[in-house]
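S.K.: Here are the chains, one letter per residue:
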Amino acid sequence: MKRLAAAAALLGLAATVTACSGGSPTKSGSGGGGGLFTTIDVNRPGLDASAPANPYNPKGNSFPAFNSMKLGWVKNHLTDPNQALPGIAASWEVAPDNSAITLKLQPNAKWSDGQPVTAEDVKMSIGIAYTQGSTAFSVTPGAAGVASDVTVVDDKTLKITQEMANPSPKFVRGVLDTTVLPSHVWKDVLPANFWDTLKAARGDDAAAEKARADITALGQKVLTFAPPKDVSAGPFVLERVNPGEALLVKNKNFYNAANVAPAQVKFLNYTGNEQIWNYLTAGKLDQSGFIAAPTDVMNRIKQAPGNEVIKGYSPVAVSMAFNQSKKPYDNVHVRRGLAYLINRDEVTKVASPEGGTPAVTTSGIHQKAAQAWIPDTLPKLDPYKPDPAKAEAEFKQAGLTKKDGKWALADGTPWKVSMHAPSGFSDWLSAQENIKSQLVKNGIDAEVVTTTDYPLYLEELAAGKYDVGFWLMALGPAPYDIFQRLYGASNGWTNVAGKVTHAAPGKNGNWMGGPEEIEVDGAKINPGELTGKLNTATAEQAKPIMAQLATAANQDLPVIQLWDYVNNQFVNNTRFTGWPHDDEILRLGTGVLPAGVWIQLGMVKAKQ
Amino acid sequence: MTVIARRLAGHLARGLVMILVVATISFFIVNNIPGDPMAARYEKLVEGGMSPEAAAQAVKVLYGFQPTGTLWQQYTDYMGGLLHLDLGVSVSRPGTPVLDVLGEAAKWTVLPVLVGTLLSFLVGVILGVFAAIKRTSKLGDALAISGSLLHGIPQYVLAMLLVVIFATLIPILPADGPVDILFEPGFNAGYIGSLAEHAVLPVVTYALSAYGGWVLAMKSSVVTVLGDDFILAAELRGMKRSIVFRYIARNAILPLFTILALSLGLLLGGAVFIEKIFNYPGLGLMLINGVNDRDYALMSGAFLLITAAVIVANIVADLFYSTIDPRVRSGEEAA
Chain A
1 MKRLAAAAAL LGLAATVTAC SGGSPTKSGS GGGGGLFTTI DVNRPGLDAS APANPYNPKG
61 NSFPAFNSMK LGWVKNHLTD PNQALPGIAA SWEVAPDNSA ITLKLQPNAK WSDGQPVTAE
121 DVKMSIGIAY TQGSTAFSVT PGAAGVASDV TVVDDKTLKI TQEMANPSPK FVRGVLDTTV
181 LPSHVWKDVL PANFWDTLKA ARGDDAAAEK ARADITALGQ KVLTFAPPKD VSAGPFVLER
241 VNPGEALLVK NKNFYNAANV APAQVKFLNY TGNEQIWNYL TAGKLDQSGF IAAPTDVMNR
301 IKQAPGNEVI KGYSPVAVSM AFNQSKKPYD NVHVRRGLAY LINRDEVTKV ASPEGGTPAV
361 TTSGIHQKAA QAWIPDTLPK LDPYKPDPAK AEAEFKQAGL TKKDGKWALA DGTPWKVSMH
421 APSGFSDWLS AQENIKSQLV KNGIDAEVVT TTDYPLYLEE LAAGKYDVGF WLMALGPAPY
481 DIFQRLYGAS NGWTNVAGKV THAAPGKNGN WMGGPEEIEV DGAKINPGEL TGKLNTATAE
541 QAKPIMAQLA TAANQDLPVI QLWDYVNNQF VNNTRFTGWP HDDEILRLGT GVLPAGVWIQ
601 LGMVKAKQ
Chain B
1 MTVIARRLAG HLARGLVMIL VVATISFFIV NNIPGDPMAA RYEKLVEGGM SPEAAAQAVK
61 VLYGFQPTGT LWQQYTDYMG GLLHLDLGVS VSRPGTPVLD VLGEAAKWTV LPVLVGTLLS
121 FLVGVILGVF AAIKRTSKLG DALAISGSLL HGIPQYVLAM LLVVIFATLI PILPADGPVD
181 ILFEPGFNAG YIGSLAEHAV LPVVTYALSA YGGWVLAMKS SVVTVLGDDF ILAAELRGMK
241 RSIVFRYIAR NAILPLFTIL ALSLGLLLGG AVFIEKIFNY PGLGLMLING VNDRDYALMS
301 GAFLLITAAV IVANIVADLF YSTIDPRVRS GEEAA
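Protein chains in written order, with our numbering: chain A, 1 to 608; chain B, 1 to 335.
FYI, nobody ran anything at the bench for these hints, they're computed from the structure.
A virtual CB, placed ideally from N, CA and C, is assigned to each residue, including glycine.
Fair warning: there could be bad hints in the mix.
Said to hold, decoys possible - In silico DSSO-like pairs for lysine-lysine, Cα to Cα no more than 27 Å straight-line:
no. : chain 1 : residue 1 : chain 2 : residue 2
1   : B       : Lys44     : A       : Lys311
2   : A       : Lys543    : A       : Lys284
3   : A       : Lys465    : B       : Lys44
4   : A       : Lys465    : A       : Lys436
5   : A       : Lys349    : B       : Lys44
6   : A       : Lys390    : A       : Lys524
Unchecked claim - Every beta carbon over 12 Å from chain A, so not counted as near; a handful from chain B, in silico:
no. : residue
7   : Val3
8   : Met79
9   : Asp229
10  : Met239
11  : Asn251
12  : Pro255
Looking at chain A on its own, in the form it has when it is part of the complex (with noise of 0.2 Å):
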């Protein structure tokens, strides 16, 4: 009896440690009045209690916008990649043919221990940005947009020029993307020769190759380099971390303090989409980014008191793409077949209510985006609206043959397509299973067939293992960057200082198959040729190369846009208020959490 006795009253401590411990927490830090606001970072699950406060660290308690401060907050503005919103630059001047931009920093910028943040700052982090890989800021030889010189013209002001051999449209967006760090915490990580060894890696001799090499092996030490403790530039700065939240305080050395709302900063970690989704539904969140939900999931979330869902672009669309080594995908008409028979509208209701819209047509490009870049060309493409008659006179061309009321191959052979996706991609599954009861109703044999994870999705895409598997493209703004998903790596084609080459399918990562030359229009185009093309031409220069490239991705069809993604930013009127609801700084760059520039910007406020 005595040992029940003891269970008894371990049982009972339990009870009694669960009744006590929900008493109010020690608040610790600088006060600010504007209370506690709860956020997540929906693209990193699994905060670690013992990463540095390392913008570069994978794990990194570093929360760009919060913690962590960039020049600008590029934006994603429909067809001009260089629009941002100030960070630590203020503002800045470009040249007029793009060969430069300048850089006036805050008058008032400050880190957190109270030092000025000054062009010296920017310096060392754009040399940070060198040994990492930065769209500006690259050691590939040839690769376009990248800077030449850096030069401090005094403490707040710094002139970037840009290598004018290979221009980029987008250089002052790669410019401004850069993570601007305190050189006196930093100073001891890059060598006291680290830019002469940059100008010697500029080269393509067996000299510029070592330095190349000693580059990237400097951005090891910049990936593991610990500061002591975190110093911010940025409205608050990291108090502590422990393995399931992060405590971030105001930094009341930030330059635009005062209208900083929130006192602290708490980020919750997760491990999975369902806790976010109870995060969501218990209205503990006052912002998250979008995450996929079922239906019930996210009316349950939208009913949270406080709730509210805020819409707008984002420059992403998911396509069913094709491997054209494989028969009988090789056959233009088979696509087109199957484009006539998907019904993108139901697919999309069904896998994507919330987070997308039924793509127009293909072309490559999101139609918010492709309606700004080619209004004219738009209106022109094959909707390929649902037609069974369209379908089978395709597949009869393609040498198909229908028996029984079910599709074979020209020999007679059954036809089954075969779709692939992540396990975890929940819409992506959704939505082919969509597909395969459309394709089964009309007589075609399909299949789902879901892949353990991600990295061996990627890894048997590669190696040209499935038919058909899920794609995502019209990743904007840049039109180069848009078009490569097609017309790029994965389609053959390699872009190295502005010289395209072309792999043949099942080679350096050819596994869409598509021949280097399609017919458009009666007339023979390179794509790949004309999707590098972009790399470097201007706005103006662009719009009749993308016109062409939409028209060519819409009639030689290497994947079905299915629908184009909608940014959904959940948040909750509860405790704050103000949130923007404009489109182009609802998604903003690199990793960027749009909440904390809203904050620095004095956009939410506490609720009254």
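Using the hints, position chain B against chain A.
M.R.: Okay, now just chain B, sitting in the frame of chain A:
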């Protein structure tokens, strides 16, 4: 050399060989897991808005931490490092020694699983005795059914059920994370209370999921002991019921100690589902993340740690059993 020392030396030698064999097997299995983590990372960066060239360079830098050379060279390096307790560096946590990552995660696994296991053992053993003695009554039936039911429910179902009940329907307990970040870490009531509060659901899940096994095993063991002559003799001699009860329990519990020791050995690897559901940052969750990131060094290290724990638990169980059961000890001495 005493019998115990000889046994210990033998066990340690065999254990060492087993660890080396398991390290070899897990190294080759882990390094042959299909999937291209570099492609996944590249895709993520490009989808996030980075230009393809910049993303390629970023991936090159990050995966520079992966060992190079042929698989055989990597294996010999790995085994060489192992002899110095160097398990390599993590790729998902660039440059961090695997041993540090394991140590950080282990502390969040050991205590909750230990408490959960011991709690379930205590409650399960006591109620198992009752279930055996009262096996013809409704109480006995109820205890046996509760044991079967909880033994049959998968851990992850039980965990989700508890989340729904205690974190959603009656929201009195936190369902995720190890502690509320707003509490200042240290030896203060708020912080310790928050730690305990966050541990309740994971611990109860461990305890409930293991409880059924203990009840059923103890019941079966007691029923066997009840038929032994010494119990009959004790009852015939008119001994007090409580003393007979103690005789029964002491003899019936012996086989369960072995199972307990083995359970404690599995403690490090047995928490994957629970930690995933409760977002509890222990070894199980670390292993899931390691697999997702294809962090080969981390995966190999985790498997090795789990294996070593089981082997050590086996040795302890063997030595412990000979200590607590005089029959085994005297048999050895006679030999």
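S.K.: Would you mind marking each hint as holding or not holding in the structure?
M.R.: Right, here's what the structure says about each hint:
no. : hint                  : result
1   : B:Lys44 <-> A:Lys311  : 22 Å, holds
2   : A:Lys543 <-> A:Lys284 : 45 Å, violated
3   : A:Lys465 <-> B:Lys44  : 21 Å, holds
4   : A:Lys465 <-> A:Lys436 : 19 Å, holds
5   : A:Lys349 <-> B:Lys44  : 25 Å, holds
6   : A:Lys390 <-> A:Lys524 : 25 Å, holds
7   : Val3                  : 32 Å, holds
8   : Met79                 : 24 Å, holds
9   : Asp229                : 26 Å, holds
10  : Met239                : 17 Å, holds
11  : Asn251                : 16 Å, holds
12  : Pro255                : 18 Å, holds
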